[in-house]
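All chains should be modelled from the sequences, with the hints used to inform the complete structure.
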Amino acid sequence: ETGVTQSPTHLIKTRGQQVTLRCSSQSGHNTVSWYQQALGQGPQFIFQYYREEENGRGNFPPRFSGLQFPNYSSELNVNALELDDSALYLCASSLGQVQGIGYTFGSGTRLTVV
Amino acid sequence: GESVGLHLPTLSVQEGDNSIINCAYSNSASDYFIWYKQESGKGPQFIIDIRSNMDKRQGQRVTVLLNKTVKHLSLQIAATQPGDSAVYFCAENPEPVSGYSTLTFGKGTMLLVSP
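If you read the sequences in order, they're chains A and B. Residue 130 in the numbering used here sits at position 102 of the first sequence; the count goes up by one each step and never skips. Residue 163 in the numbering used here sits at position 53 of the second sequence; the count goes up by one each step and never skips.
Hints are supplied without guarantee of correctness; some may be wrong.
What the hints assert, rightly or not - Among chain B residues calculated to face chain A with C-beta under 7 Å, some are:
(1) Y210
(2) K217
(3) S224
Hint data in this document are derived by calculation from the structure and do not stem from the laboratory. From the three backbone atoms N, C-alpha and C, an ideal C-beta is built for every residue, glycine too.
This is the structure:
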């Protein structure tokens with residue numbers, strides 16, 4: 029059974045640029061959630077994808093968008109990068125959307141915006 | 111807004127000691143909680159969970175206590191080992207809203223275990 033893999037592991041971008049982060053979900057999982065973790069903070073929910081559609085979103089602006097593919101992998105896109113977007117971006121996969129379903133996290137992508 | 115938070119940012123213990131990490135939550139409607147361990151360069155790893163119809167749950171060397179009266183969670187680690195050094199988060203996983211369920215994390219506590 030493979031776990032959640034994220035790519036790239038590290039990334040440096042310039043303010044105003046756009047970035048795409050990728051996530052392969054754990055085998056058998058059909059739901060992907062993305063979280064932003066600023067240094068010294070807990071992860072903050074960005075959005076969740078289920079059956080290739082966004083079905084939940086946290087307090088993040090529209091320039092944060094995503095996709096889920098038929099194989100349940102997912103992308104997180106951030107446009108017009110700001111310095112405050114520098115963070116660890118975590119992807120978590122799960123089976124279904126109900127409470128109590130186990131989430132498996134990837135190791136994250138460390139994004140630095142300069 | 112409502113959030114999950116922690117009392118102590120850093121906890122330093124000696125190997126072999128018992129560790130207690132605390133967490134306060136503010137959403138009285140929360141009914142499911144999870145403790146995660148996050149090591150440097152890794153994503154959060156599930157440790158143990160508890161539902162609000164319980165006040166204690168035990169795992170291997172870990173125990174979670176839930177006090178709904180004061181909205182407080184704690185994670186107890188017995189015979190702490192250097193490999194337990196990490197940041198620990200409590201997270202709230204409420205009933206699904208509008209068809210989906212999410213995790214709300216606290217800020218975390220760094221546990222440092224000295225040999």
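So, going through the hints one by one against the coordinates:
1. Y210: holds (4 Å)
2. K217: holds (5 Å)
3. S224: violated (22 Å)
Hint 3 alone, counting from the list given before, is not met by this structure.
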